[in-house]
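Chains as they are written, first to last, in my numbering: chain A, 14 to 312; chain B, -13 to 208.
Simulated from the structure, these hints should not be mistaken for laboratory data. Every value quoted in this text rests on a predicted model; they were computed, and no experiment measured them. Don't be surprised by glycine CBs; every beta carbon is placed ideally from N, CA and C. Take these hints with a grain of salt, some might be off.
Here are the computed distance ranges between Cβ atoms for each label pair [to be verified]:
| no. | chain 1 | residue 1 | chain 2 | residue 2 | range |
| --- | --- | --- | --- | --- | --- |
| 1 | B | R175 | A | E122 | 18 to 24 Å |
| 2 | B | K147 | A | G135 | 28 to 34 Å |
| 3 | B | G(-5) | A | V300 | 35 to 41 Å |
| 4 | A | G135 | B | D(-1) | 33 to 39 Å |
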Amino acid sequence: MRYPKTKALFAGAALVMSLAACGDDSGGGSGGGDSVDIPVEENPDFPEGSTMAELSEAGKITIGVKIDQPGIGFQEPGADTPEGFDIEMGRIIAGQLGIEDDGSIEWKETISDNREPFLEEGEVDIVIASYSITDDRRKVVGQAGPYYVTGQQLLVREEDKDKITGPDDLAGVKVCSVEGSTSLATAQDEFGADPVPLGTYSECVDQLENSTVDVLTTDGAILLGYAAENPDELEVVGEPFSEERYGIGYQLGDTEMCEFITTTIQDAMDDGLWADAFEATLGESGVETPESPEMDECL
Amino acid sequence: MQVLIDNFGQILDGFAKTLWLLLFSGTIAAVLGTILVAMRVSPVAILRFAGTSYINVFRNTPLLLILLIIAFAAPDLGFTYEINNYFNFFFMAATVGLGLYAAAFVCEALRSGINSIPLGQAEAARSIGMTFAQSMRSVILPQAARAVIPPLASTYIALAKNTSVALAIGVTEASFIMKKLNAENAVARWQIFFGFAFGYMVIVAFIASAGALAERSGAKTR
Chain A
14 MRYPKTKALF
24 AGAALVMSLA
34 ACGDDSGGGS
44 GGGDSVDIPV
54 EENPDFPEGS
64 TMAELSEAGK
74 ITIGVKIDQP
84 GIGFQEPGAD
94 TPEGFDIEMG
104 RIIAGQLGIE
114 DDGSIEWKET
124 ISDNREPFLE
134 EGEVDIVIAS
144 YSITDDRRKV
154 VGQAGPYYVT
164 GQQLLVREED
174 KDKITGPDDL
184 AGVKVCSVEG
194 STSLATAQDE
204 FGADPVPLGT
214 YSECVDQLEN
224 STVDVLTTDG
234 AILLGYAAEN
244 PDELEVVGEP
254 FSEERYGIGY
264 QLGDTEMCEF
274 ITTTIQDAMD
284 DGLWADAFEA
294 TLGESGVETP
304 ESPEMDECL
Chain B
-13 MQVLIDNFGQ
-3 ILDGFAKTLW
7 LLLFSGTIAA
17 VLGTILVAMR
27 VSPVAILRFA
37 GTSYINVFRN
47 TPLLLILLII
57 AFAAPDLGFT
67 YEINNYFNFF
77 FMAATVGLGL
87 YAAAFVCEAL
97 RSGINSIPLG
107 QAEAARSIGM
117 TFAQSMRSVI
127 LPQAARAVIP
137 PLASTYIALA
147 KNTSVALAIG
157 VTEASFIMKK
167 LNAENAVARW
177 QIFFGFAFGY
187 MVIVAFIASA
197 GALAERSGAK
207 TR
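This is chain B alone, in the form it adopts within the complex:
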């Protein structure tokens, strides 16, 4: 317990970086996931094909592999972009990797929501002269939004925990601090593990309750 108290500052730093990773990659996943789902349900065959291919590639590849490929291949291709020493190349690589990976799951969560809307809704929209974009925006997506909250929350919970994989490519997020403390305090392993597990649980609890809140407020308008 003493270890956790003595190093509280470091632990907070670690979780701060975890949250930055979650924020950046979560935003990429949300934007890209929405574009992907529009492609997957669009009437244009080539877009559907491209969307499906993306899902097949990124959902079927282990996250660790995606991160390693980006971290070790990008510099060879000349990409070593970084904002500063805090958001360094490895942070950017992890953000992009996590974002690309989570986008596939976000897309599928959104698609499950869209599929839950009866086909009659889309047909009704089309029969009154709406275009594909109009019917998506005004009819399908607002209804789908309610159905996607639970799977979307699960996706983001998974993303929050997956940020720990970024350790493998040199990001000093929470699990790095955990390993560091473990190396310095070989006698207090259990306390350190449980302390960090608790930290992740707090983050997840926030996402879960945000999801629950959104679900409830959605239910009112039904």
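For reference, chain A alone in the conformation it holds in the complex:
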């Protein structure tokens, strides 16, 4: 029932993209039809023994990403690689390491729960997975950024949009989000919601449509993606009521890596690549490209 509609939407999006590409004389993306043209550095130079030098020499990088968040990190059933804003950020960083997205980047699915263990155990080199920067997380992993700032919002069924308009209406309401996410804890601890933790956001959307839960809460960026897929049934309500600063996770204490990531993203913000990446991914849901956020210093 839903799939044909989704497919039509994507086909439509692809059509719009290809039309847009016609007018754009720079043309041709690096990989898929709708990805941004990302420069790949040839023979980049890094200090001996640094993580960047290692990755660059190996010509391979493993990046932990989400694959169930439309617009951020999302892998379509049957697709080989995920796509989204996080993925573009990963491509930009890999590009500066001289690694092209031709299979040399391994996109590894991470869920909210295993991002720290994956970094600590070296299962992934970096994590770009809608990974909010918190003081507590910074005790166990490094987080460079923020490369994007969003805030917690609510997604409700169309008929409830006048009943539930903001976080103050959440008391005693069944609120769904992903296990182990900060959004669910905030809804429960600060606004008295009855939490329903599920494995993925798409499961929450399913149950929201089934009316077994009444609200899906998480970062606005993610909700917009779902609302765009079901514009007649779902609606994002209220102003953001938290500040989520997405960071890029790296191994704790690797300051050189942090400097490199921060500089790379800063350059991408300055030369417009960041904005291009946004427009090609999250921007598709109709939101305006925001000001690029101020990045934290590396410690």
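Fit chain B to the given chain A structure using the hints.
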């Protein structure tokens, strides 16, 4: 350690829900398991077949799968029953799923007890004119009861721990609280894991000692 002390209230809430799940699903399993075993040992072929089929389906399907099927298929079929926001749809789905799953194991534990009674007992009962129901009630089951306690206790211990699978379908039982605390306190993972493991061990210890007690009091009447 501090994490566990600071969030003690939440942890108790989580284990309270775990116990509710255990109570509800354990009751379903006990009732359904008894009906199933009566079917499996009954003289009616069609009932035996139905009982065996049930065991084959539910014992051979992973619990997680049963729970997911119920949680995601039931609403599509129009079942979204809930008592209140505490015993919400997901709690009901988990209870039913756990109950259906554990019933298969309860049935087999009971059957092993019945099989431990020598056939002569059933023949003797029949020779003095007892019906199938009478011989089950007065001769077989009272004797079987003693033999089934150890496997039955194991089944319920497994059920107590299996309640944690309900997290996958949105029940906020103990392991949900564990994940929540883990997400908020990335530095105290080990303490949190051990704290919750200890909580489950306490629950299991209660079931195990109830089993041991029943076994001992049974031994006296032998």
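Status of each hint after checking the structure:
Take B:R175 and A:E122: their Cβ atoms lie about 21 Å apart, and the range 18 to 24 Å holds. For B:K147 paired with A:G135, a C-beta distance near 31 Å keeps the hint of 28 to 34 Å intact. At about 40 Å, the CB distance of B:G(-5) to A:V300 agrees with the hint of 35 to 41 Å. For the pair A:G135 and B:D(-1), the supplied restraint of 33 to 39 Å holds, since their beta-carbon distance comes to about 36 Å.
Comparing the model with each earlier hint shows no violations; every hint is respected.
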